[in-house]
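Trainee: Next come the chains, spelled out residue by residue.
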Amino acid sequence: MDSGRRRFLKIAGISALGLGIKPVVDALEANGQPEELRSPKALVGQRWAMVVDLRKACPDNCTECIDACHRVHNVPDFGNPKDEVKWIWNQPFGDAFPGQEHEYLEESLRDRPTIVLCNHCDNPPCVRVCPTKATYKREDDGIVMMDYHRCIGCRFCMAACPFGARSLNWRDPRPFIKELNREFPTRTKGVVEKCTFCEERLANGLIPACVEACKEKVLVFGDLKDPRSEVRELLGSHYTIRRRPELGTLPQVYYIV
Amino acid sequence: MLEKALTGSRRYWGLIAFLSAIMLVGFIFYLRQLSYGLGITGMSRDVSWGLYIAQFTFLVGVAASAVMVVLPYYLHNYKAFGRIMILGEFLAVASVTMCLTFVIIDLGQPARAFNLLLYPTPTSILFWDMIVLNGYLLLNIVIGWTTLAAERNSVAPPAWVKPLIYISIPWAVSIHTVTAFIYAGLPGRSFWLTAIMAPRFLASAFASGPALLILFCLIIRRFTRFDPGREQIQALAKIVTYALIASIFFVLVEMFTVFYSKVPEDIHHFQYLFLGLEGKTSLVPWMWGFAILAVAALALLIHPSMRSNENVLAIACAAVFVSFWIEKGLGLVVTGFIPSPLGAVFEYSPTAPEVLITLGIWAMGFLILTVLYKVAISVKEEKTE
Amino acid sequence: MYNAGKILFGLIIFFCISTFPFWYNAVSGKAAVAPELKLITKEKQCIESTPYMRSNHMELLVLWRDSVVREGNRVYVNSAGKQYTMSLQNTCMSCHSNKSEFCDRCHTYLAVEPDCWNCHIEPKEKT
Chain E
1 MDSGRRRFLK IAGISALGLG IKPVVDALEA NGQPEELRSP KALVGQRWAM VVDLRKACPD
61 NCTECIDACH RVHNVPDFGN PKDEVKWIWN QPFGDAFPGQ EHEYLEESLR DRPTIVLCNH
121 CDNPPCVRVC PTKATYKRED DGIVMMDYHR CIGCRFCMAA CPFGARSLNW RDPRPFIKEL
181 NREFPTRTKG VVEKCTFCEE RLANGLIPAC VEACKEKVLV FGDLKDPRSE VRELLGSHYT
241 IRRRPELGTL PQVYYIV
Chain V
1 MLEKALTGSR RYWGLIAFLS AIMLVGFIFY LRQLSYGLGI TGMSRDVSWG LYIAQFTFLV
61 GVAASAVMVV LPYYLHNYKA FGRIMILGEF LAVASVTMCL TFVIIDLGQP ARAFNLLLYP
121 TPTSILFWDM IVLNGYLLLN IVIGWTTLAA ERNSVAPPAW VKPLIYISIP WAVSIHTVTA
181 FIYAGLPGRS FWLTAIMAPR FLASAFASGP ALLILFCLII RRFTRFDPGR EQIQALAKIV
241 TYALIASIFF VLVEMFTVFY SKVPEDIHHF QYLFLGLEGK TSLVPWMWGF AILAVAALAL
301 LIHPSMRSNE NVLAIACAAV FVSFWIEKGL GLVVTGFIPS PLGAVFEYSP TAPEVLITLG
361 IWAMGFLILT VLYKVAISVK EEKTE
Chain A
1 MYNAGKILFG LIIFFCISTF PFWYNAVSGK AAVAPELKLI TKEKQCIEST PYMRSNHMEL
61 LVLWRDSVVR EGNRVYVNSA GKQYTMSLQN TCMSCHSNKS EFCDRCHTYL AVEPDCWNCH
121 IEPKEKT
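Chains as they are written, first to last, in the working numbering: chain E, 1 to 257; chain V, 1 to 385; chain A, 1 to 127.
Hints may be right or wrong, so weigh each one.
Said to hold, decoys possible - The list that follows gives simulated cross-link-like pairs (lysine to any residue, SDA-like), each with its CA atoms no further than 20 Å apart:
id, chain 1, residue 1, chain 2, residue 2
1, E, LYS56, E, LYS215
2, A, LYS82, E, GLU199
3, E, LYS82, V, GLY279
Because the hints were derived from the structure by calculation, they are not lab data.
Working from the sequences, and respecting the hints, build out all of it.
Mentor: Structural data, given as C-alpha cells:
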C-alpha cells in the first residue's frame, strides 16, 4: 500500500532525526576533551635492551637484582618449585646457554651464576601464540608487555617461550607476598606474569629495579637505537652472545662473556 | 527424536545414573579447582600443560575419525557404511564436546574465556582451534540429526545437507591439523618441532577413532536389537590396521631422525620417555606399555584370519585405543616440557582432583554418547520392525 | 474455560511469586536503606564532575586501564584541563581511602562485585 509505505518512511525519517539529536547536543555541550598523555618524566627509547656483563663476578649468594624486582612488583614466593613464580633469577651458565658448555670450559664461567629473565625478543613466539593479545609487543619501544586483565590463563605463551621466562599463578599469590608494595598491584590466580622491563618505572623516569639494585653494575639497560647509549657502546666494543639465537626470536638481552 | 532417550531399559538408566554420578564428582572437584586455582593439579612452572590438554589432544583425533566413515560412503560410494554413519557422527559430537570442555577447565581464568571472541587473534593457533572445533561440532550435530530424522521418516535427507557433509570431510582433517599446529609451531620445544606432527595426529586418529567405533559396534550388537553389520566392522578394521601401520612407522622414523643425528636437545626427550633421564623414569613403563600394546595390536590385526575373528578384533581394538591414549594422552604433551628450556627434568604426575575431574569429563562424554546412541539405535530398531 | 478456578488461582500465585522482589521489602518494612556515602577527601572535586563520576566511573576506569596498560599513557587531562596520574590504587584510592564507607556502600547495595581488588591493593583503612 503506497500510503502505508510512505507513512512508514516518514515516521522512520523523523525517528532517525530524533535519535540523531542527542549525540549532536552532547558534542556541542562538551566543554573540553579529556586526553591521555605520556608522562613528561618518562624515559623514551625505541628499542630497549639489556646487557649482562658476565665478566664481572656476582658476589657470593648475591640476589639484590632478584629481590629488588620481586619486591617492587609484588612477586609471590610460594616456596616450592612447582608453583614458583619468578621474573628474574640465576642459572648455571650451561643451563642458560645449552650447547655452549663443554668439558674444558673455563672454571669461572662454569660456576658463574647467570642472570636470566625475559629477553623481550624482537620476534617473540609468545606474542604470536597469545589468543587474546594479553601479551603483545609494544611497537614504539620493543617491550613485550603483559596485560594481566586480559590473560585467560591458557599457558600457550609458557609453552611457546624458548627461555622459560614466564610463570603462571597456580594459586592466589596474595598470602605469599612477603611485603606488599602498595604502589603496584599484585596479580591473581590463573594469570601468567613475567618481567616487563619495569615499564611502569620507565614511564616515571626510573631505570629498571634490577639494574638499579646491582651494585657491581653487572646489568646495563638502554636504548639500542640511540648510538650513544651505554648498551650500544658495550655491544660495539665487546663480543656478546644471546640465548638460543638459532631460534630466530631475536632476544634483546645480550651477555658479555 | 530426543524423546527416544527418555525411555529405556533398566540397564540404560543404570548406565545414565552411573555416568552422572562420576560427572557429579568431577564437577565438585572442578569447583574446588576454581577456588584454589590450577595448582590443585600436578602442573608446574616447568610442565605447564598436563592431563587436561593431553586428553583434549587425544580426543581431537577420536573426533576426526567420523570422516573415516563419511569419506568412503560419499566420495567412493561405499554404501555399506551408510548403516553406521550416524554412529561415527555422534561419536564425533561426544568427542568434540569433551575436547572443548577439557580446554575450558584447563583455563586459569575461565570467566575471561569470552576474550577469545572479543579480541580475535588470527596469528594464534588457539584461535583457529576454537573455530574449527566449534565448527566441526556444529556440522556433526546438524548433519547427524538431519540425516537420522530423514532416515526415520524414510525420506532422503534435504539437499542442503550434502554440501555440509562434503565440507565436514576436509574440516575433520583440519581439526587435528590445527591441533597439531599448536605444538608443531613452537620454536623452543624441540620434541614437538617436527613437520610430521600433523601426519602423526592423523594416523593415530584414524587408528584410535575407528577402533573405538568398532568396540561400540560390537557392544551395540550385543545389547540392542540393531546390528551394525559384519561387513562394516571388517571395513573399519582394515582402516584401523593401515592407520596403525602408518602410526607405528611415523614413530619409528621420528626415532631414527633423533637417534641417528644425535642432536642432544632432540635425544633427551626420547631418552626421558623410553629410558628415563637423570634417574627420573615415571613415564618409562607407560611408553613401553604403549610400544608393546601397539605392536601386539598390529600382530593381531595384520592377518585377515585373525582380524575377521571378532573376539580377537575386540582385543586388538582395545589395545590400539589404550596404546594411543598413552602415546597422545600422556606421552606427547608432558614430554614436550621435559627437559625444560633450561635443561631441568621436573616430572609431572596428575593429582587426585585432576584425575577425578578428568574422569568426570570422560563420563560426560560417554553420557552424551549414550543419549545420542540411544536415539540413533531406537530409530534404527524402529525401522527394522 | 476449563478449570477456570484452578487456572486463575495458579495465575495469582505465579504473579505473587514473580513480583516478590518488588513488594516484599515494602511490605515487611525491611527495605534496604539507600546507601549513605562518606567522603573524607581533601579535594572538593573528583577527576570529573560528581554526576559524571557517579554514572561513568566504571567506564573511566576501563579507559584508564587500557590507556595505562596497553598504550603506556600515565597522565589524564580531564575536561577542565587538570592533570591526574591514571591509577586506581594510587590516585582514586588516595582520596577515597575509606573504601568500606564509600565504594563498598553502593556496590553492596546493588550486589555489584568488581573484581579489581583481586589484584589492585585496597587501601589500608583505620578500623
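Trainee: Work down the list of hints and note, for each, if the structure agrees.
Mentor: Verification of the supplied hints:
For the proposed pair LYS56(E) and LYS215(E), the alpha carbon gap of about 11 Å is at most 20 Å, so the pair holds. Taking the CA atoms of LYS82(A) and GLU199(E), the gap is near 24 Å; set against the 20 Å cutoff, the hint is violated. Distance check on the hinted pair: LYS82(E) and GLY279(V) sit about 19 Å apart at the alpha-carbon level, within 20 Å; holds.
Taken one by one, the earlier hints fail for this structure only at number 2.
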